[in-house]
Amino acid sequence: DVDAGQPTDGDGYANIAAFGGGYFAAGSNMSGTPRHRWGRPTIWWSADAKHWDEVVELAARRFGHRGNGISFGGFAATKGLAIVAGAKRSALDATNSLYASRDGRAWSTVGDAPPGAPNLGLVAIGADADAIYVQGNALWRVTVRRG
25 DVDAGQPTDG
35 DGYANIAAFG
45 GGYFAAGSNM
55 SGTPRHRWGR
65 PTIWWSADAK
75 HWDEVVELAA
85 RRFGHRGNGI
95 SFGGFAATKG
105 LAIVAGAKRS
115 ALDATNSLYA
125 SRDGRAWSTV
135 GDAPPGAPNL
145 GLVAIGADAD
155 AIYVQGNALW
165 RVTVRRG
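In terms of my numbering, the sequence shown opens at residue 25 and continues consecutively.
Since the hints were derived computationally from the structure, they do not count as laboratory data. Quick caveat: nothing in here was measured; it's all calculated off a predicted structure. Any given hint could be a false lead.
[Unchecked claim] Per label pair, the in silico range of CB-to-CB distance: (1) L163 x T133: 41 to 51 Å; (2) G135 x K74: 31 to 41 Å; (3) G104 x T133: 15 to 25 Å; (4) K74 x A130: 19 to 29 Å; (5) K103 x G56: 35 to 45 Å.
Virtual Cβ for every residue (Gly too), placed ideally from N, Cα, C.
Using the sequences plus the hints, can you model the full thing?
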């Protein structure tokens with residue numbers, strides 16, 4: 025189940041999904057004016073969808089800077105694995121990454137996102153013990169090494 029919500033304390037936005045005995049949200053903490061917008065791509069975790077903890081916050085970046093968005097974009101979750109597409113940890117890197125989690129709290133970079141993926145909704149279409157199968161701008165399989 026995916027619901028819309030806003031765990032940000034101020035200016036920002038996020039999409040929320042139930043996962044791992046709680047909820048995770050992926051979006052951005054925003055600042056600046058509409059003309060000069062900055063964002064910190066952020067992932068939050070909550071056990072009750074009322075109290076949120078930031079579990080990933082990337083460096084602030086300007087809208088469109090070197091092709092990076094200012095927010096985490098599409099995400100997908102299924103039993104045991106969630107992925108979020110978004111900017112690299114470095115605000116100067118023009119490519120985008122996929123981040124994965126098995127519990128919604130600890131996230132790791134699992135590789136480069138296919139072109140266009142952060143701007144498209146990701147939908148989990150299946151999973152097995154070691155991978156999640158995702159439809160977005162293409163069909164693909166995301167794996168995360170255990171350990």
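For each hint, the structure was consulted:
Between L163 and T133 the beta carbon distance is about 21 Å. The supplied range of 41 to 51 Å is therefore violated. Taking the beta carbon of each, G135 and K74 are about 33 Å apart, inside 31 to 41 Å as hinted. Evaluation of the 15 to 25 Å hint for G104 and T133 yields a pass: the beta carbon distance comes to about 19 Å. Evaluation of the 19 to 29 Å hint for K74 and A130 yields a pass: the beta carbon distance comes to about 21 Å.
At about 39 Å, the beta-carbon gap between K103 and G56 stays in the expected band of 35 to 45 Å.
When the structure is compared with the earlier hints, a violation turns up for hint 1 alone.
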